[in-house]
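Engineer: Make the full structure from the sequences, and use the hints.
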Amino acid sequence: GAVVSQHPSRVICKSGTSVKIECRSLDFQATTMFWYRQFPKKSLMLMATSNEGSKATYEQGVEKDKFLINHASLTLSTLTVTSAHPEDSSFYICSARDVRRGELFFGEGSRLTVL
Amino acid sequence: AQSVTQLGSHVSVSEGALVLLRCNYSSSVPPYLFWYVQYPNQGLQLLLKYTSAATLVKGINGFEAEFKKSETSFHLTKPSAHMSDAAEYFCAVTPYNAGNMLTFGGGTRLMVKP
Numbered sequence: 001g002a003v004v005s006q007h008p009s010r011v012i013c014k015s016g017t018s019v020k021i022e023c024r025s026l027d028f029q030a031t032t033m034f035w036y037r038q039f040p041k042k043s044l045m046l047m048a049t050s051n052e053g054s055k056a057t058y059e060q061g062v063e064k065d066k067f068l069i070n071h072a073s074l075t076l077s078t079l080t081v082t083s084a085h086p087e088d089s090s091f092y093i094c095s096a097r098d099v100r101r102g103e104l105f106f107g108e109g110s111r112l113t114v115l
Numbered sequence: 001a002q003s004v005t006q007l008g009s010h011v012s013v014s015e016g017a018l019v020l021l022r023c024n025y026s027s028s029v030p031p032y033l034f035w036y037v038q039y040p041n042q043g044l045q046l047l048l049k050y051t052s053a054a055t056l057v058k059g060i061n062g063f064e065a066e067f068k069k070s071e072t073s074f075h076l077t078k079p080s081a082h083m084s085d086a087a088e089y090f091c092a093v094t095p096y097n098a099g100n101m102l103t104f105g106g107g108t109r110l111m112v113k114p
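Chains Z and S supply the protein sequences, listed in that same order. Counting in the numbering used here, the first sequence runs from 1 upward without gaps. Counting in the numbering used here, the second sequence runs from 1 upward without gaps.
Take the hints with a grain of salt, since some may be wrong.
[What the hints assert, rightly or not] Which chain Z residues stay away from chain S? Per the calculated CB distances, all over 12 Å, these: (1) F34; (2) E63; (3) T82.
[What the hints assert, rightly or not] Simulated restraints, written as ranges between beta carbons of each label pair: (4) L18/S to N70/Z: 41 to 51 Å; (5) S52/S to R100/Z: 18 to 28 Å; (6) S14/S to E63/Z: 37 to 47 Å; (7) V99/Z to P114/S: 12 to 22 Å; (8) S28/S to T57/Z: 18 to 28 Å.
Note that these hints are calculated values from the structure, not bench results. Since this is a predicted model, take the numbers as computed values, not measurements. Beta carbons are placed, not taken as given, at the ideal position from N, Cα and C, and that holds for glycine.
Structural biologist: Here you go:
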């Protein structure tokens with residue numbers, strides 16, 4: 001079964017609203033989680049590295065005020081797309097590192113559609 | 001810095017035929033290499049990984065890949081394609097000391113014809 005869970009799997013919102021996506025590690029603690037964005041028929045682009053207890057590290061070109069990341073606990077990171085616009089529509093995928101197993105696990109992804 | 005190039009954004013094979021998906025990488029330090037599979041509207045599932053042990057790595061669903069340092073390649077193969085193998089495949093690289101922060105290739109869509 002999944003060891004990293006994302007919620008919601010699909011969300012449709014109106015332009016101008018904010019949307020929160022959760023990423024949870026189910027059976028391990030993750031001090032580091034990663035958020036990726038995947039455009040249709042494209043590869044995954046790393047948006048930011050989420051660190052528990054500290055600020056996220058954003059990749060070049062990613063607006064940190066647009067994509068708010070909060071790593072509130074060792075099992076939960078959230079991505080909030082603020083004032084969403086149609087161009088923010090995408091598939092967002094998180095991953096979390098299980099230090100004990102030495103492996104990176106991916107969530108099922110969240111498809112955001114902004115009308 | 002590291003990068004990954006997957007040759008061929010689309011590969012089509014007949015059921016039962018050999019599957020070969022190409023991946024070349026560049027990395028300034030010894031790399032760890034991964035192959036992931038993605039089914040429509042789903043996240044990524046790890047097929048196999050190379051982490052500096054055996055150069056021939058066997059993964060799930062009958063897939064394997066061989067790390068060739070001299071060719072900077074990590075091609076994915078499967079002797080006999082099955083219809084259920086149709087999916088998007090991603091090769092990814094991370095420096096051995098980078099804590100799993102992956103750089104992905106562009107992906108290859110595998111189509112399997114009956």
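Engineer: Determine for every hint whether it applies to the structure shown.
Structural biologist: Okay, the hints, checked on the actual structure:
no.: 1; hint: F34; result: violated (7 Å)
no.: 2; hint: E63; result: holds (20 Å)
no.: 3; hint: T82; result: holds (24 Å)
no.: 4; hint: L18/S to N70/Z: 41 to 51 Å; result: holds (47 Å)
no.: 5; hint: S52/S to R100/Z: 18 to 28 Å; result: holds (20 Å)
no.: 6; hint: S14/S to E63/Z: 37 to 47 Å; result: holds (46 Å)
no.: 7; hint: V99/Z to P114/S: 12 to 22 Å; result: violated (44 Å)
no.: 8; hint: S28/S to T57/Z: 18 to 28 Å; result: holds (20 Å)
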